[in-house]
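Novice: Here are the chains, one letter per residue:
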Amino acid sequence: MLSHFIEEEGVPTAGISLVRPHTEIIKPPRALWVPFELGRPLGPPDDPEFQKRVLLALLKLLEAPQGPVLEDFPEDEPESDEVTVLACPVDFGRDADMSDNGDEFLAAFRREVTAMRPWYDMAVNKRQRTTVGVSGIGLEDLGDFIYAFVKGEPPENPRNDIPLASTLKFAVEDLKAYYIEGITMQPGQANASSKILQDWFWDKTVCGKVLLALRKVCEASPDEMLRMMGTFFLVPGEVARAKTE
Amino acid sequence: MRLEKVSEDERKLLLSFKCPSFGTNPWVTGPPLNKRRVAIITTAGLHGRHERPFQMGPDDNYRVIPGDVQANDLIMSHMAASFDRTGFQRDWNVVFPVDRLREMAAEGIIGSLADFHYSYNSIRAQPDAPEPIREVAGLLKKDGVNAVLLLPV
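If you read the protein sequences in the order shown, they are chains A and B.
For the first sequence, the working numbering begins at 1 and goes up steadily by one.
For the second sequence, the working numbering begins at 246 and goes up steadily by one.
So here's chain A without its partners, still in its complex pose:
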């Protein structure tokens, strides 16, 4: 719907459509529906030729004689033939007892975070970028910051420009990014699909288990914003439903 107003002001627009039925209702001037999952408007990462084909198809809509135009991009994201199975090479103690005071589990969590570090560092070096850093909390402190909520001892907000619940949300995204950036640098993981990465993170890592516990704690919090964060924003809905069924 942004395009409607921008075009009204005299600037031509062309947009990617992810959810086709939404676009059919809104009828923006020019839209290219793509079959890729949410979060990937240009399709696969590290595939410049594919991305360029999507962009060209989108730009071509600007040459349509009349509209509104809604076209479908004809290619699906390529699926790798290679069977990728991600596993944590070391058992960090995902099955450690979270009850009692959880110290054993916290130790397992810390070990796993530390073990990911060389892969993360290599990823940053190789890609010359990182998406970690939204929360502003240092990598060394992220795990403990998050775990404090799980233990029912929420820390002080280290920032004064956003609420504590937002800092927590961004800390969670930072930690997830740290794991994904690192694991995709390991041998044979270059083409791991988002599904494989998601399954690995939530099913195999101690961190995934910590975040599921965090969700539960936040959902029961007297703090309204933490409660909302826990219910909607920390764990993908699909994962939360699968884990609570």
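Read the hints as simulated data drawn from the structure, not as lab findings.
Be a bit skeptical, because a hint or two may be false.
What the hints assert, rightly or not - Calculated cross-link-like contacts (lysine to any residue; reagent style SDA-like; alpha-carbon spacing at most 20 Å):
hint: 1; chain 1: B; residue 1: K257; chain 2: A; residue 2: V19
hint: 2; chain 1: A; residue 1: K60; chain 2: A; residue 2: L70
hint: 3; chain 1: B; residue 1: K257; chain 2: A; residue 2: T231
Please read these numbers as outputs of a predicted model, since none were measured by experiment.
Given the coordinates of chain A, assemble chain B onto it according to the supplied hints.
Specialist: Only chain B this time, still in chain A's reference frame:
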């Protein structure tokens, strides 16, 4: 996305979102592609590494991304947990394809890239409050932009 690939719950949720429809179909033409000046508008909640994250309130509208932005400059503070971030974590062009557009400008497929691109946290513009969007449209015009690519997540 292929709706048939997600669960029934997810599909129902997506289809329950209210979408506005408009009585008019604005349509502006422009020069051939190789004369176009292109800007990106993303709704992925991207912004500079040292900028304040997006807030949930209605007043936090957009961020400006400079045309000479580099890959390590951009981070994402979108609130939603339900879209894939692993693509962006590996390659920023999945969400913000500025490398590809720079290549296309160098090859003469498009004319040039704008001095500024814009980022929203989600689709903030409500049909009854489109003023912030109109403001951005005015800025795009001053930048000489005649092709805006809207890229959601």
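Novice: Of the hints stated earlier, which fail here?
Specialist: No hint contradicted; all consistent.
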